[in-house]
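Given chain Y, put chains Z and D in place with the hints provided.
Chains as they are written, first to last, in UniProt numbering: chain Y, 1 to 319; chain Z, 1 to 302; chain D, 1 to 249.
These are calculated hints, taken from the structure and not from any lab test. The beta-carbon is built from N, C-alpha and C at its ideal position, and this holds for glycine as well. One thing to keep in mind: the hints can contain errors.
These stretches of chain Z come out as covered by chain Y in the derived footprint (C-beta under 8 Å, 3 or more residues) [to be verified]: (1) 92-105; (2) 281-293.
Only some residues are given here: those of chain D computed to face chain Z with a beta carbon under 7 Å [said to hold, decoys possible]: (3) 76; (4) 99; (5) 185.
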Amino acid sequence: MEFLAYGAFFLTTALIFSLITLGLNLQWGLTGLFNVGLAGFVAIGAYTSAILTTPDDAARIGGFDLPILLGWLAAMIVAGAVAAVIGAATLRLRSDYLAITTFGVAVVVQLVALNAQGLTGGPFGVGFIPRPFGSLAENPIVFNFANLAIVAVVTLVFFLALEHLARSPWGRVLKALREDEKAAASLGKSARAYRIQAFALGGAIMGLAGAVQAHFIGFIAPENYLPTLTFQVWTMLIVGGSGSNRGAVLGSVLVWAIWVGSGAAVSALVPTDQQARAAALQIVSIGVMLCVILLVRPMGILGGTPKRKAPAEPAAGRP
Amino acid sequence: MNMQFLVDGLLTGSMIGLGAIGVTLTYSILRFSNFSHGDLMAWGTYATLMFVGAITALFGKVAPIAPLSFGWPLLLALALGMLFTGGLALLLDKILFQRLRAKGQMIIVVMASFGASMALRSLLEFLFTSSPAYFSRAIQIAKPIGFGIRITPDQIALLLLTAALVTAVHLLMTRSQIGREMRAVSQNIGLARVVGIDVARVVRFTWLIGGALACVAGVMIGVLVQIRPLMGFDMLLPVFAAAILGGIGSIPGAVLGGLIIGLSEAAAVQIFGAEWRAAIAFVILMAVLFVRPIGLFGVGER
Amino acid sequence: MARTVLEVRSLEAGYEPGVPIVRGASIRVEEGEIVVVLGPNGAGKSSFIKAIAGLVPVSGGSVTLDGQDITGAPAHRMVRLGLAFVPQTENVFPLMSVEDNLKVAGGVLPKREVAPRIEEMYRLFPDLRERRTTPAGNLSGGQRQMVAVARALMVRPKLLVLDEPSAGLSPKFVSMVFQMLTDVRKAGVTILLVEQNAKAALAIGDRAYVLVEGRDAHEGVASELWNDPVVAELYLGHRASPAQGGESR
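One chain only, chain Y, in its complex shape (with noise of 0.2 Å):
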């Protein structure tokens, strides 16, 4: 039984990283841009979501109780707001500059949960997040499936919408953008306005993720957003192959798989003091398993990364 209610569990974390990875995926597989710094929207939505259905709290502003429902949709349009704002500055830019600004964006948000206590609670985080069946929390395996069978409905809306975008019009021409760039430059300003789009959506969708993550489990604090959420998450999304919706959840569940497991193992075995030094190897090994995929096996397990062709070198200078 017990079993099973932590099968639930994982699951319904591992779903919740999927719901990450497809806004990456979005992002990245279907539009090529960088996002370094995803923790940073995934945190935007969650203490979005937080701080407007948590109940009143002296200490801090906000807490205005509002039903949850209310607080996603809100999570998902500040954190796809901010990813706007990134975009319409960066995305007229070398993709280097995405990459930076959006690394920067993650250190300002972790600056924000950690220093701006009277809105984000500082180092203690938001606590007392409602739980979507908080009544149900006496019978954690039916409270664990509750979760799961929400969690999986959300990602499951969003995998079949992401389908049906990428197959849209829509996402032909974000695709049509990502494998020719002269194309791309000829649409100018327009092409710039789609790939805005595609960025503010799967910054959305990270919002969301955040939000749904928070009201899952009930507590938020700034060290859940981290740089190493970003990695897991990219390592998610190369690993199951990115371009590929299916690859992004298949990715996701496996990497986290691998994560929980190595965990496991690190605390069964290596003794308490050693603890910290063994977690460290435990991301060198993620780090050198997402530098080796991108070595060999580029495409991931279910990727079918269009190859944009590598330009031929002119002569001289660039064409």
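Relative to the frame of chain Y, chains Z and D by itself:
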């Protein structure tokens, strides 16, 4: 306002500037943003710390050069650390970046540098744990130099060292053949080949210089603040912001950008408090991207 | 009989394997000559000359420079082998001074020969001496070609290869560039060039080849080729008549 922020800002700015030179060189010559550059700083610092330990083990305790907190062992160790870090950068290029570069998708190289960054940093945590280390625990007395500013001998020495290194790199880029070749590769790599430049050699040299300077920046942080596995990663945002503010590819720009960001951070610390320091670089970065994305000395995307 | 500097035999080359753009072209350049390669658009002229210079992968045939086989050598080796190439566009380093453009090319020479060689270049191109500190990107089109040619000559090549040196230049600069090339030849340099501007190129050239669909279709003395009615009408875009022959020279 307390004028002390000038000293703090110049020092922070020097560290940022030295890091930004490496980033701007790899960007302009290899055309990718190296997210593992900060971790090269940290690796260089720990390597230098190890070399200091080895020298002390060999020669016994060496008295510091008065009035500094360190003696010749640190200087020798720094030189070795610079070599080590340059070599580490070369190694990373050899086993990772070079192969991905050959496939032609630069953004994959950026991603790999992000993965490498994670792995490098965590490896340091594994080897040295996350508790801070120090080159010296001696406390230096800051001497007043007027206008309410105090400065320690270490700080003066490190500012001079930065000035010397920046001048040396600038002369190297403008007066030496390898410097001209580096500029040529950054301006037009195809033409550089036609002219007979061995691009692979230029790339190796770029990594060596970038790595060596990253090591110096890291050791400065180590001497003035403390040594932690995260010390370099935490510098990454200001370093990138400085390179972009100065104009990608410009070495004077990287240094000036570093100083501007360092001084702004120091000023902001006085106004808003130390906890908001890291946000300054981001604010400056966003302002540059909206107003003048080519930076102060930039020449635009070619 | 003059020495053969360049011998290209049945060269095949193209960017993608299995899709040759150059399909069996052969040419020969004797010492001291200016040889022109002409042809209609899309004939593969540019790919042909780039394949010789090591910039387009070669899939068949051979390129021999002064007796040594240089087929398919990478571009950065060509300079050391004695072949200097001047690309059609973006052929200078725009942010570097004229002098640095020359110096960077001098890296192939022994160190002590660089300064004297730059001095020789300034004697050959006095305009450049006046602008030695100007960034090459700030020069006029004609002067940029001058920098590009001087840069290529820095290494005392056995053969100077130019890809459409007149492309994109105003008529005034076109005549300046071709005048420059005759001066360069007088200084003892052997030249191979591809040109779109057939009339001007044939006026300074000794011999010419017409490239059609990746093959050499015609070869001849420059002045005669201009007056060959078949060649003229089909590939050079003018109607040849003996009366015009004199004018074209």
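Exercise for review: Check whether three or more residues of the stretch 92-105 of chain Z sit with their beta carbon closer than 8 Å to a beta carbon of chain Y.
Suggested key: holds (count 6)
Exercise for review: Examine the stretch 281-293 of chain Z for residues whose CB is less than 8 Å from any CB of chain Y, and state whether their number is three or more.
Suggested key: Answer holds; 7 residues pass the 8 Å Cβ test.
Point to revise | Hint check: 7 Å Cβ-Cβ cutoff, residue 99(D) to chain Z | key: violated (10 Å)
Check your understanding: Can we keep the residue 185(D) interface hint, with Cβ of chain Z closer than 7 Å?
Key -> violated (21 Å)
Check your understanding: Once the shortest beta carbon distance from residue 76(D) to chain Z is found, is it less than 7 Å?
Key -> Since the shortest Cβ distance to chain Z is 4 Å, the answer is holds.
Checked against the numbered hints given earlier, the structure breaks hints 4 and 5 and satisfies all the rest.
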